[in-house]
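Following the hints, position chain B against chain A.
Number of protein chains: 2
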Amino acid sequence: MTGDEIVTRLRAALGDRVDTSPASLAAARADKSGHAASGTPLAIVHAAAVSDVQATLRIATETGTPVVTRGAGTGLAGGANAGDGEIVLSVRAMDRIVEVEPDDLVAVVEPGILNAALNAELAQHGLWWAPDPASRAISTVGGNIATGAGGLLCAKYGVVRDAVLGVDVVLADGRLLRLGRRTVKGVTGLDLTSLMVGSEGTLGVIVGATLKLRRLVPGDVCTIVAVFPGVRAAASASAAVTASGIQPAVMELMDAASLAAVHALLGMHAPQAGAAQLTIQTDGPLSTAESEMIAGLLRGLGGSVAVSHDADEGERLLAIRRAMHPAMETLGTTLIEDVSVPRSALPAMFDEIARVERAFGLVIPTVAHAGDGNLHPNFVFDGPDVPPVVWEAADELFRAALRLGGTLTGEHGVGVLKRRWLADELGDDQWELQRRIKSVFDPLGILNPGKVFAS
Amino acid sequence: MTGDEIVTRLRAALGDRVDTSPASLAAARADKSGHAASGTPLAIVHAAAVSDVQATLRIATETGTPVVTRGAGTGLAGGANAGDGEIVLSVRAMDRIVEVEPDDLVAVVEPGILNAALNAELAQHGLWWAPDPASRAISTVGGNIATGAGGLLCAKYGVVRDAVLGVDVVLADGRLLRLGRRTVKGVTGLDLTSLMVGSEGTLGVIVGATLKLRRLVPGDVCTIVAVFPGVRAAASASAAVTASGIQPAVMELMDAASLAAVHALLGMHAPQAGAAQLTIQTDGPLSTAESEMIAGLLRGLGGSVAVSHDADEGERLLAIRRAMHPAMETLGTTLIEDVSVPRSALPAMFDEIARVERAFGLVIPTVAHAGDGNLHPNFVFDGPDVPPVVWEAADELFRAALRLGGTLTGEHGVGVLKRRWLADELGDDQWELQRRIKSVFDPLGILNPGKVFAS
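Which chain is which? The protein sequence lines are A and B, in order. In this text, residue positions in the first sequence follow the UniProt record's numbering: the first is 1, and each later residue adds one. In this text, residue positions in the second sequence follow the UniProt record's numbering: the first is 1, and each later residue adds one.
In isolation and in its complexed conformation, chain A is listed as follows:
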């Protein structure tokens, strides 16, 4: 069947939810990773309901057409980029909050709602959903779940997997499954909900989610900014905070190149040459005492420390960290890496980054969610394509992270950009097992082909 015939079938079933405008198709080729798929997809289906998703997938199965599920397109690994011959299935318009049950700390939502929009609504009930990716203002809950996008708060408040009780999933053949539960506990059968978290569109289409909520944390948020003469001192200090047993809500590290780029973007005074910064927030009823203890610890380690007890000022200070991605964009095309290591290995990982910088003659501005050991080294280059030297340097970084007991990706996912390293981390036997599990869900291989598992 030709592409035109497939689009005709989609139009017959879904009418004006099928979009073939050149601008829309072009946009669906790329995400925020800088990577774009080759070629152009057939059409975008803007699903408004579960039945639209089912209709699309039935046609895809009948015609053997690949389907790329897409939310807001804010991914950083190319996982939702669609190319030649593919149907883009957008669930962005499925953005309702179906239910909020404060007494059970549960919400049921559609996948297209933005993380920030959900949390704005939940705040009215004194509640929040913990996953807090840096993209929360522009990324969807469904996308957060599909990639396992963690964010700044994971060490204290858990990862996405901990915050999802159930998902509704449409399989490749159009059948709807309700996975998981809405109870605190439940061990009936295999945990397919967790299998869907981070599955990057390869197993099914998430059309609903039952979320585990938290009550808003009482007390003031305190913010600590500590400047160190170099990145290794900052990394060691963050490891010392973790080892002290005080659990900050947020602990972000910016190296010298990152800090300089953000200061330039925001029109701030240039930081001292080589200086690296920790930005730490404590929350909860003991936040003031905890912030003072952390500040004392950091001063003892040679940091230049300031503490703010004002929430607005705290947000302004954290905004410096949140400006990292825009700051990099001013420098060129950015490949944002995402390795994660055990927290005690953070200083060693920064040593490895310095070694790779020297070996390849690159500057690799790096920020880290230092509280949980997740680093984002940024490779900046000109033009749309990642130069070979960058991939070689990234390869060195990945192998270093694995040697230190770490992982390829802490929260961005594998997508297309890391698929060639997947078997290095999983081992061949596990890689093959995972592919077979995908085949159980998607025997025709039409769900996001070429992503994650492609060899």
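Hints may be right or wrong, so weigh each one.
Given that identical chains are not distinguished, each listed pair holds provided it fits within a single copy or across any two copies.
[To be verified] With a cut-off of at most 16 Å between alpha-carbon atoms, the simulated EDC-like pairs for lysine to aspartate or glutamate come out as follows:
#  : residue 1 : residue 2
1  : Lys156    : Asp103
2  : Lys212    : Glu121
3  : Lys212    : Asp162
4  : Lys212    : Glu101
5  : Lys156    : Glu396
6  : Lys212    : Asp424
7  : Lys32     : Glu329
8  : Lys212    : Glu357
9  : Lys212    : Glu99
10 : Lys438    : Asp173
11 : Lys212    : Asp103
Simulated from the structure, these hints should not be mistaken for laboratory data.
Same frame as chain A, now just chain B:
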């Protein structure tokens, strides 16, 4: 191949780790559920190392022999009971703590270590592993993971899935896979670690686990005991505590029949007729203030309330709850059910239990982890076999729990005792999908056949 020939092959490979003593074989037929497998297994392999597990599974695959993995045999759903023609693979002797890394809040353990033994060791480092099943003194960490055994602390400190970062697994064919990670975050590929949690020996044999630890909670534990005139009032009061936003560490409910049985066992004064009891513990730096707030709330709801700030007295008060299982054993054979409902539905679930009691002319002593909505209705009867009327009543309870948005099993697993209801909760499509996933791990169907997925 005959059973004798299979045992001969096991002996040739594993020597005196192969046990065919009648007493051992008889013990391996049963767990703590009251259920025993029909017939007698071929042999027990007492694995001392991963290589023993691999050797056993290679022989099982080559000879097509079923394998039942077993830890301490404390399960409550018959999931580790072995019968005719089966090899019992005991990992109880693999009980080493391989590594404790306090700075990363990680421990690596073998599966046979007892939960309490692990936590005694971790306490030396100021750490603990949160899963806290009532059986923790006698149950293994591997068994806790294989069943998803939650316990008393789940509402505040999470379920087993939240506390396991990775597992080492031997597949049916003897290959060793290392699943998961040791970092806080990690989304490389599908989350097979979570798939193993609660898989009840059907996918592979867990031979090692990387556990996510917590630091010991500072501050005093406060214990609140509140007696109410009836179980519905107690259930409503527990729901009110949850809705208040104060998060106790423990909130246990005992109905009148449970309370009376335990008081009799422990030689205490008989409780007032019909009285039900909540036992609540708060912990952390604010535990005293929280306990006073909860006590005030419960008094306002008609409870007769006592508060203790003494840790030892608190343990004695909680021991009343922990004596439930022995108390039931004095009355006859016990089938302990395990439904879980959304917390707000707890009073309604107690209404359903009362309805079932009247309809079937039974007394169903029930305790509940009221803080998380997990109820354990106990059916007590004479003799080894569950009478049909009990299964009919249990069937009614399961359906009521599902109607209330709940689940068949909160923490005991499906095993053999709940397999006939599995498809009722999962739906036929999901049930079939789960069976196919099992087949990917275990194509010959030799791992714990007849458990969980048997039709």
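Checked hints:
1. Lys156 to Asp103: between (23 Å within a copy, 15 Å between copies)
2. Lys212 to Glu121: within (15 Å within a copy, 32 Å between copies)
3. Lys212 to Asp162: Answer is both: 8 Å inside a copy and 13 Å across each meet the 16 Å cutoff.
4. Lys212 to Glu101: Classified as within; 10 Å inside a copy, 29 Å across copies.
5. Lys156 to Glu396: neither (30 Å within a copy, 41 Å between copies)
6. Lys212 to Asp424: neither (33 Å within a copy, 24 Å between copies)
7. Lys32 to Glu329: within (10 Å within a copy, 61 Å between copies)
8. Lys212 to Glu357: So Lys212 and Glu357 fail the 16 Å test inside a copy (42 Å) and across (33 Å) alike.
9. Lys212 to Glu99: within (12 Å within a copy, 32 Å between copies)
10. Lys438 to Asp173: within (14 Å within a copy, 20 Å between copies)
11. Lys212 to Asp103: within (12 Å within a copy, 28 Å between copies)
Of the numbered hints stated above, those contradicted by the structure are hints 5, 6 and 8, listed in ascending order.
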